[in-house]
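As a plain string of letters, each chain reads:
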Amino acid sequence: MSHILSWVVFVPLIGVPFLWLMPAKKAKWIALIATIVDFIIAIPLFTHFDKSVKGVTSQMQFVEKLPWIPSLGTEYFIGVDGISISMILLTLIIGVAAALASWGISKYERGYFAMFLLLQTAMLGVFVSLDLILFYLFWEIMLFPMYFLIGIWGGPRRVYAAIKFFLYTLAGSVGMLLAIIAIWYYAPGERTFNMIDLVQRVHEGGVFSGPMIFGFPFVKVVFIALFIGFAIKVPIFPFHTWLPDAHVEAPTAISVVLAGVLLKMGTYGFLRINFPLFPEVFEWFRDFLIALAVINIVYGALCALAQTDLKKMIAYSSVSHMGFVLLGIGAATTQGINGAVLQMFNHGTITAMLFLLVGVVYDRAHHRQIAGFGGLASVTPVYATVTSVAFMAAIGLPGMSGFISEFLILTGAFKVYQVATIIAGLGIIFGAAYMLWAYQRVFFGKLNTKYKDLTDMNFVELASVVPLIIIVFYLGILPDRLIGFFEVSLNYLSAILIG
Amino acid sequence: MVNTLPYLSFIPAHVMMSFAIIFFFLAKAVPFLKRLPASIVFFLVLIACFWLESLGSGSEAVFFEMIQVDSYSRLYNQILFIAIAVTILMMANSDELNKDNNWEIFGLLATVCLGMMLMTSATNLLMTVVAIELVSIPSYVLVALNRKLPASKEASLKYVLFGSFAAGIMVYGMSLIFGLTGTLKFSGIWKGLAEYSAAGNAIYFLAVLMTLSGMVFKIAAVPFHFWCPDAYQAAPTPITAFLSTAPKVAGLALLMRFFSYHVSLQTANLTLILSIIAMATMTLGNLAALKQTDIKRLLAYSSISHAGFLLMGIAVLNSAGRQAVFFYIPIYLLMNLGAFMAVIYLSRGDRFDITSYAGMIKKKPLVVIGLTVCLFSLAGLPPFAGFVGKFYLFKVVIEEGLILLAVVAAINSVISLFYYVGVIKVMVIDSEDRPSKDIQTGGFPVVFVTACIVPIVFLGVYWVPLLNWAEKAKLLF
Numbered sequence: 001m002s003h004i005l006s007w008v009v010f011v012p013l014i015g016v017p018f019l020w021l022m023p024a025k026k027a028k029w030i031a032l033i034a035t036i037v038d039f040i041i042a043i044p045l046f047t048h049f050d051k052s053v054k055g056v057t058s059q060m061q062f063v064e065k066l067p068w069i070p071s072l073g074t075e076y077f078i079g080v081d082g083i084s085i086s087m088i089l090l091t092l093i094i095g096v097a098a099a100l101a102s103w104g105i106s107k108y109e110r111g112y113f114a115m116f117l118l119l120q121t122a123m124l125g126v127f128v129s130l131d132l133i134l135f136y137l138f139w140e141i142m143l144f145p146m147y148f149l150i151g152i153w154g155g156p157r158r159v160y161a162a163i164k165f166f167l168y169t170l171a172g173s174v175g176m177l178l179a180i181i182a183i184w185y186y187a188p189g190e191r192t193f194n195m196i197d198l199v200q201r202v203h204e205g206g207v208f209s210g211p212m213i214f215g216f217p218f219v220k221v222v223f224i225a226l227f228i229g230f231a232i233k234v235p236i237f238p239f240h241t242w243l244p245d246a247h248v249e250a251p252t253a254i255s256v257v258l259a260g261v262l263l264k265m266g267t268y269g270f271l272r273i274n275f276p277l278f279p280e281v282f283e284w285f286r287d288f289l290i291a292l293a294v295i296n297i298v299y300g301a302l303c304a305l306a307q308t309d310l311k312k313m314i315a316y317s318s319v320s321h322m323g324f325v326l327l328g329i330g331a332a333t334t335q336g337i338n339g340a341v342l343q344m345f346n347h348g349t350i351t352a353m354l355f356l357l358v359g360v361v362y363d364r365a366h367h368r369q370i371a372g373f374g375g376l377a378s379v380t381p382v383y384a385t386v387t388s389v390a391f392m393a394a395i396g397l398p399g400m401s402g403f404i405s406e407f408l409i410l411t412g413a414f415k416v417y418q419v420a421t422i423i424a425g426l427g428i429i430f431g432a433a434y435m436l437w438a439y440q441r442v443f444f445g446k447l448n449t450k451y452k453d454l455t456d457m458n459f460v461e462l463a464s465v466v467p468l469i470i471i472v473f474y475l476g477i478l479p480d481r482l483i484g485f486f487e488v489s490l491n492y493l494s495a496i497l498i499g
Numbered sequence: 001m002v003n004t005l006p007y008l009s010f011i012p013a014h015v016m017m018s019f020a021i022i023f024f025f026l027a028k029a030v031p032f033l034k035r036l037p038a039s040i041v042f043f044l045v046l047i048a049c050f051w052l053e054s055l056g057s058g059s060e061a062v063f064f065e066m067i068q069v070d071s072y073s074r075l076y077n078q079i080l081f082i083a084i085a086v087t088i089l090m091m092a093n094s095d096e097l098n099k100d101n102n103w104e105i106f107g108l109l110a111t112v113c114l115g116m117m118l119m120t121s122a123t124n125l126l127m128t129v130v131a132i133e134l135v136s137i138p139s140y141v142l143v144a145l146n147r148k149l150p151a152s153k154e155a156s157l158k159y160v161l162f163g164s165f166a167a168g169i170m171v172y173g174m175s176l177i178f179g180l181t182g183t184l185k186f187s188g189i190w191k192g193l194a195e196y197s198a199a200g201n202a203i204y205f206l207a208v209l210m211t212l213s214g215m216v217f218k219i220a221a222v223p224f225h226f227w228c229p230d231a232y233q234a235a236p237t238p239i240t241a242f243l244s245t246a247p248k249v250a251g252l253a254l255l256m257r258f259f260s261y262h263v264s265l266q267t268a269n270l271t272l273i274l275s276i277i278a279m280a281t282m283t284l285g286n287l288a289a290l291k292q293t294d295i296k297r298l299l300a301y302s303s304i305s306h307a308g309f310l311l312m313g314i315a316v317l318n319s320a321g322r323q324a325v326f327f328y329i330p331i332y333l334l335m336n337l338g339a340f341m342a343v344i345y346l347s348r349g350d351r352f353d354i355t356s357y358a359g360m361i362k363k364k365p366l367v368v369i370g371l372t373v374c375l376f377s378l379a380g381l382p383p384f385a386g387f388v389g390k391f392y393l394f395k396v397v398i399e400e401g402l403i404l405l406a407v408v409a410a411i412n413s414v415i416s417l418f419y420y421v422g423v424i425k426v427m428v429i430d431s432e433d434r435p436s437k438d439i440q441t442g443g444f445p446v447v448f449v450t451a452c453i454v455p456i457v458f459l460g461v462y463w464v465p466l467l468n469w470a471e472k473a474k475l476l477f
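Keeping their order, the protein sequence lines are chains A and B.
Residue 468 in our numbering sits at position 468 of the first sequence, with consecutive numbering throughout.
Residue 279 in our numbering sits at position 279 of the second sequence, with consecutive numbering throughout.
Derived from the structure by calculation, the hints contain no laboratory data.
Straight-line alpha carbon distances no greater than 20 Å define the calculated EDC-like cross-link-like pairs of lysine to aspartate or glutamate that follow: (1) 220/A to 399/B; (2) 164/A to 430/B; (3) 362/B to 109/A; (4) 107/A to 430/B.
Partial selection, computed: residues in chain A whose CB lies under 7 Å from chain B: (5) 69; (6) 140; (7) 141; (8) 151; (9) 152; (10) 170; (11) 174; (12) 178; (13) 182; (14) 185.
Just so you know, these numbers come straight off a predicted model, no measurement behind them.
We put the CB at the ideal spot given by N, CA and C, even for glycine.
Given these sequences and hints, build the entire structure.
What follows is the structure in structure tokens.
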């Protein structure tokens, strides 16, 4: 099939008009069908992907290139390499899970699913774009559906959370836009928005010929502008404060998408644009990045430990886990960077699972206070079992996927940053602490009599979680199946960054 | 004595418009004319003018080189005709205006139009004064059309005071320029000022700034913006929509022509002056907009901040900058006219406080979506055309290395999002506190708003058609 990548990106969007052909109550089926169809037509992408091709600077696969705005030199240029294809896989999986998690939406269904599908297209678009303007366009299109999804269908403080998310991300991305224009204007060689060409030229020794900006070297300023844009999305301390609010107020499915895919766009941006374009600045920035990573890990874990709201705890655990991704990228050794991308994928699936499970109990009890539960294991055994698996995965129990990626990151980072790695290791202990403590308070102990009639997980809920559990175990035992996709690309990227 | 009559053949649209003014004012007195449908007559006049402009070609200096009729002025005039035609459509669909007075109102609008046409083609400071006054004086009356509203009288008076103040300063600045250079022609004054600007003479800055004041008054840039929110709030909404678009376009056209004659010696200091005005305008406009509770005042401040953004394109003083401004103008018209039409539609019964829009999405989903798109586009969010317009402005500024200006504009984009989203939040997220009576209106506003947002979305994704059009503007200088 030709144009397969375009189809994958735009199938969710094609689903949108169909929402109005059905009764509002059936809109969820359209969304589910759209995400599943999207997944199915994407299968050739993974089976035909040539794993031995490097990507990053050249040889992208499934490339599509059409003139778009010729006078500006920007093109509709999409393609994938090892880094992006794993993210596309993640987005597709999370898309289906989130569509299932939206089953209980009962207010303005059509609007909700229209926004949801638009969001899905935008996210996929970000991961396939190889043109900076196209990338920026998709990056920004994501904002307003997210605003409405949190703002209309969210919890009590949704309006505040939604606008906070909107403003934070926009503040970052406006700087990014200026950086993109500057990169284009002062590009080595002919001006272009083609990020693959740009990375290639930089790799071959091209330099950005920009002037000093406010007394600082051009490349450093542009690097920092890009970095902040992406860092807000990750989120990196001190730009993380939008995340707990957005997560707590967002409806379950949207928390799943937020944690599962959106956060990865930040680190993907680091790997695709920010660091390879400015390897020297990366070298200078590396120590600082590692410090930020460690702060994220430890600070996120400590915050999680202090939370009384289950969802907020998981939100902070995301901050902590994304810190590991940063640690791996900052170390930039082959293990570190491979581990980082693996962790991006694993964190996507595991955290999605956690949010889905919090959604299950919230739908029944209408609150998420950890202290408000107790002894749930005796009334909802299936739920308790599934949750225990998810929590173990989040802790990084061997045999599950989280362990492999964290292990890879720590080994990779230890070669270059011993102290930081040791402190980061502490984060894992904290991680185990807050997860197990929360589990104990919710599921064990004396049963809160208010919840003695709580129903167990239903079929739809199980259907959204179980595939993720399978993935977690599968990648815990055979991580190579996924690493194989991006190993070559990332080893090459590692060589570009520190080689 | 030079016979000026032959020149008339070069400026058919001006002539046409002049006759239209006489006709409109006569209509009230002559019973036969009074029975004609005023809107349709004006429409036909505009179409005729548009057509006459499209026939013209070449570049001709007429009336003792007071005005230059060239493809630049023709293109801008056509934009102005479209804006006025849209205003007429909006007036027909608004209940704020007494339709019996249409002939007078159209007479005033036609006068403004003639003034704006002179603004786009003036090449002499004297003609600039005439043109600006020709736009200003009928505008004062237009603001006061809501005779019953005390606020409109106040706003009109404020407008008059500021207008005369700005005009006075401008004329004084011109006298300085004339004293320094001995000429009032655009082509002569910058050359004449060269030695003063080289020396960094204070009198040079004084003369230029004072002359500028009259021009920035028309685009409502800081510090001559104070009249704007009051006038916008008090004027009937279609007039507000008109004031926020057409005179601004004409003012920008005038500024661009005025500065296009500058000599390279002056580039640095003029860029500095204009950048400062641009930054102050967008920042003050945005910060003031944050606190507004009235939708028309909010849009007024938003239009002030947009004037600041557009000044970025002028501040770079090159053809790329002029092209970026030209590129932004049709987008700006679409967004603003679309937004005001939605406001007219949603605010039946003279209630313009934003809170009265609560839960509107349930009652009027299509128009609310339209207004949402317009507001997102005004905030410069992709995939809407407003982003593309801002993108090109950012681009020309960064190309010139004006990083501070770019950063200030970027911060302003974020600030502006806050108040635009505030309106959207009220309409879409908030629920109605108390049910109000249902609004009964025809389908026209829906069609109108849709006609605005379809190109906004389309051009936001694929803006080549607009670029091809803006290429024309590039050929002009």
